[in-house]
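A.B. asks: From first to last, the protein sequence lines stand for chains A and B.
For reference, each letter of the first sequence is one residue, going 1 to 317 in our numbering.
For reference, each letter of the second sequence is one residue, going 318 to 726 in our numbering.
Hints may contain errors.
Only pairs whose alpha carbons sit at most 30 angstroms apart, straight line, appear in this in silico DSS-like list of lysine-lysine [what the hints assert, rightly or not]:
| # | chain 1 | residue 1 | chain 2 | residue 2 |
| --- | --- | --- | --- | --- |
| 1 | A | K127 | B | K338 |
| 2 | B | K470 | A | K130 |
| 3 | B | K666 | B | K460 |
| 4 | B | K460 | B | K470 |
| 5 | B | K470 | B | K496 |
| 6 | B | K338 | A | K124 |
| 7 | B | K338 | B | K375 |
| 8 | B | K470 | B | K375 |
| 9 | B | K401 | B | K375 |
Computed footprint of chain B on chain A, listed as stretches where at least three residues anywhere in the stretch have a Cβ under 8 angstroms from a Cβ of chain B [as the list claims (entries may be wrong)]:
| # | region |
| --- | --- |
| 10 | 73 to 79 |
| 11 | 221 to 233 |
| 12 | 238 to 246 |
| 13 | 279 to 291 |
Everything labelled a hint here was simulated from the structure, so no lab data went into it.
C-beta atoms are modelled at their ideal positions from N, C-alpha and C, and glycine is treated no differently.
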Amino acid sequence: MEVTLNHLKRPEESAVDVSRRLQKRTRWGELFIQTFLFLCGAVSIFTTLGIVYELGKEALLFFQMPGVTLVEFFTQTEWQPTVGRFGVLPLVSATVVTTVIAMLVAVPFGLGSAIYLSEYASEKARKILKPALEVLAGIPTVVYGYFALTTVTPFLRIFFGEALNIYNMLSAGLTMGIMIIPLVASISEDALHAVPNSLREGAYAMGATRLETALQVVVPAALSGIIAGFILGFSRAIGETMIVAIAAGSGPNFTFNPLQSAETMTGYIARISGGDVAYDTPDYNSIFAIGLLLFGISLILNIISRRVSSRLREVYE
Amino acid sequence: MNRGVVLSETSNLSVRHQWGKFFQGLFLFSTVIGLIVLGILILTVVDKTFTLVAVTNKVDPATLADRPLEELSAEELRQILRDKLRPARLRTIERDMGPIAQMGEADLTALIMAEIVKPTTRASYPLFQSLTRRAEIEAEIRKEYPDAQIYFKAWLSWDFLQRSMATNPDLAGVRQAIKGSLLIILITILFAFPIGVGAAIYLEEYADKRNRINRILQTNIENLAGVPSIIYGILGLAVFVRALAPITSGAAFGMDAGSGRTILSGGLTMALLVLPILIISSQEALRAVPNSLREASFAMGATRWQTIWHHVLPYALPGILTGTILAVSRALGETAPLILVGASSLINKDPQSVFSFFTALPFQIYNWTVRPQPEFRNIAAAAILVLLAVLLSLNATAIVLRNRLSKRL
Chain A
1 MEVTLNHLKR PEESAVDVSR RLQKRTRWGE LFIQTFLFLC GAVSIFTTLG IVYELGKEAL
61 LFFQMPGVTL VEFFTQTEWQ PTVGRFGVLP LVSATVVTTV IAMLVAVPFG LGSAIYLSEY
121 ASEKARKILK PALEVLAGIP TVVYGYFALT TVTPFLRIFF GEALNIYNML SAGLTMGIMI
181 IPLVASISED ALHAVPNSLR EGAYAMGATR LETALQVVVP AALSGIIAGF ILGFSRAIGE
241 TMIVAIAAGS GPNFTFNPLQ SAETMTGYIA RISGGDVAYD TPDYNSIFAI GLLLFGISLI
301 LNIISRRVSS RLREVYE
Chain B
318 MNRGVVLSET SNLSVRHQWG KFFQGLFLFS TVIGLIVLGI LILTVVDKTF TLVAVTNKVD
378 PATLADRPLE ELSAEELRQI LRDKLRPARL RTIERDMGPI AQMGEADLTA LIMAEIVKPT
438 TRASYPLFQS LTRRAEIEAE IRKEYPDAQI YFKAWLSWDF LQRSMATNPD LAGVRQAIKG
498 SLLIILITIL FAFPIGVGAA IYLEEYADKR NRINRILQTN IENLAGVPSI IYGILGLAVF
558 VRALAPITSG AAFGMDAGSG RTILSGGLTM ALLVLPILII SSQEALRAVP NSLREASFAM
618 GATRWQTIWH HVLPYALPGI LTGTILAVSR ALGETAPLIL VGASSLINKD PQSVFSFFTA
678 LPFQIYNWTV RPQPEFRNIA AAAILVLLAV LLSLNATAIV LRNRLSKRL
C-alpha cells in the first residue's frame, strides 16, 4: 500500500488520507442528471397510470349510472346511450368485421411482400422498395379515409351495385388492410432476414428450389416473428379510427354484413367527442367505458405478440 | 406442409420451377400492390383538386367598380363594402374579424367575394373526366346553368393557403389549419424531444437491465407504442382539457380562453403520443454507438455524463434526429386525438397564442370529407395535397439523413 501510493502523496498526507481522497465519492451533478433522466423515463409510467386511472374512473362512473349493468353491456345488441340502451355488441361487431377484412388483405400481401423483399429482391431493389413501403406507412389515416370514401366505395359499387351502402364496412376494411401491409411486411421481413443463411444453403444443397426453400425452410424458421407481426397488425386495425369514422358509417348497427354501414368502437368515440361533449353525461362517460375496452384489447394483443415472438423464437447459431 | 410433400414428390424439375416463377410473381405483386394503391390514391387526390367548374355569381363583380377588383385600392374596396352591405351586417363582420379600416387589400377582396359577389360552384367535374369528355360536360352545364362561367379551377392555390376557414367551399382556405398544425408540432417537439431523448439515455446508458424497475419501464414503453392513438385522445381530454383546464386554458397566466380545448392541450397530447416512438428510435440510435467509444472516454477519466454528452450523443445524433422527424410526421398526420381534444372547424381567426382554440390540417381534411356537399371533397383533396407534400418532404429528409449515417458507420 505504502509503496504504490507514494507518487500520489501530498506533503502533509498520510497514505490513509490519500486512499480516502481517491475513493469513489458522490458526484452531485452526476446524480442530479441521472435522476432527471430517470424521471424522463418515468413519464411513460405516468402516462400508463394516467390512461388506466382516467379510463377506469370514468368507466366506473358509467357502470354506476342507473340502468347500466355489465351483463347488459356485453350481451345486448343495441347501443343508444342517450335513450338508455347500453349494449356494446353492435360496436364490437363492426370492429370485428372491419378488422377481419383488413387482416384478410394485410396478412397474405404483407407476408408475400416480406418474402419477396427478403428472399428474392436484389440489394438494389430492396433499397428502393423498402423506403417506398415506409412512405406508404407514413400516409395519414385520414387520407386513407378520404380514399376509401371517394375511390374505393365507388369502385366496389361497380361489382355490388346498390346493395353496397355508401358508407360500408367492406371499403373501410379493405383500405385499412392496405394501410397495414407495410407494418406486417416490415416486421415479417425482419424475422425472415434474421434466419441464418446456412439454413437456406442447406436446403439448396438438398436440391430445393428457391420457392421450396422460402416456404418450407425460411418461413417456418421465422414463424414466431411473422405471427408477432400479424398480431400487431391486428391490434393496429382494431384501434384504427379515421378510416372507419369516415368510410364505415356513423350509427351503431348490429350486423355482420360487410356491405352495410356500421359504427366501430373507435368510430363511435370519434363521433361522440366531435362536438363539444358536455362533461359527466352518459355520452361522455361511455367514451371512457369503450376506450377502456379498446385499451384492454390492444394491451392484451401487444403482450401476446411479445410472448409469441420470444417463446417461439428458435435460436440459431 | 401438405403442398411441400406434393412439390418434393414431383420429380419433374420444370414443373417445380414453374411453381417457383408463379409464386415469385405473386410475391412481387404483393410488394407492389401497396405502391399501386399509393399511385391511385395520389391520382385520385389530384383528380379532385383540379376540376372543371361551373360557377355562378350572385352579383357580377364587373358591376361593382369600373376596374377589376384586384386593381382597386384598399380605400375603394372599403367603400364598396360600405355601399353594398347593410350596416348591421358590417357591424357583425367587424365584431368577428376586426375593423375593416385595418384590413389589407387581400382580406378586403376576400370579404367582398364572400359577402357581395358570393360565387357558388354549381358543379365540378374531376380532371380526367373533364379532359376526356369536355364538350359533353359543357353542353350539360349550359343546359342546367345558362349563366354559369365554365373554367378549370385549381382548388389548391396560393389563395387557398392564405384564406380563412369559411362555410362556402369556394372561399374556404387552410391558413388557420396550417398555423394550428405548426404550433401543435412546435409544442410536441418542445416536450417530446428532451423527455424522449432523456428517457432513452437513461435506459441505454444508466439503467441496469437486471433491475426490475428498469425492465418494467422498458416493457411499458413498448406497450405504449402499441396503444391506439384515440386512447391518447381520451387521456388528453380527461387530463389536459378537463383536469388541467386552469393551465391549458391559460387562466393561470392571465389569458383565459374559456376552456382547455386549446393548442397547448393538443400539443401535449401529441407529445405523449409520439414519446414512445421517439424513445425507442433514440434507444436504437444510442445502441448503435460502438462501446469502444465509451470505454476510451472512461479510460481518460471522464464521468458518465461527460462521456454521454461529449462522445455518445454527438455520434448518435443523426439517428436520433431521424427518429424525431418520423415522430413529428406521425404527429402531423394524426387526427383522432385532435377530435377528442376538441379541434374545432369553426375557427376563422389566426391562433394568437398556445392558449387559442384551434383547427389543424388533418382535422380540417376530416371535417371537409364528411360534409355532404361535393365541393368540400375538392378542398379536402387540396388540403390533402398540402399535407402529403409536407409529410413526403419530412420523410425524404429522414431517409437522406439515415443513408448518410449508414455510410459513415
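A.B. asks: Indicate, hint by hint, whether the structure satisfies it.
C.D. replies: Hints, verified against the model:
1. K127/A <-> K338/B: Holds, at about 22 angstroms.
2. K470/B <-> K130/A: Distance ~36 angstroms between K470/B and K130/A Cα, so the pair is violated.
3. K666/B <-> K460/B: violated (40 angstroms)
4. K460/B <-> K470/B: holds (20 angstroms)
5. K470/B <-> K496/B: holds (25 angstroms)
6. K338/B <-> K124/A: Satisfied, since the Cα-Cα distance of roughly 20 angstroms is no more than 30 angstroms.
7. K338/B <-> K375/B: This hinted pair is violated, its Cα atoms lying about 64 angstroms apart.
8. K470/B <-> K375/B: holds (19 angstroms)
9. K401/B <-> K375/B: holds (13 angstroms)
10. 73 to 79: It is violated: at least three residues are needed, and the region 73 to 79 of chain A offers just 0 whose Cβ sits closer than 8 angstroms to chain B.
11. 221 to 233: Check failed, 1 qualifying residues.
12. 238 to 246: Holds, because 7 residues of the region 238 to 246 of chain A bring their Cβ atoms closer than 8 angstroms to Cβ atoms of chain B.
13. 279 to 291: holds (count 4)
Going down the numbered hints, you'll see the structure goes against 2, 3, 7, 10 and 11, while the others check out.
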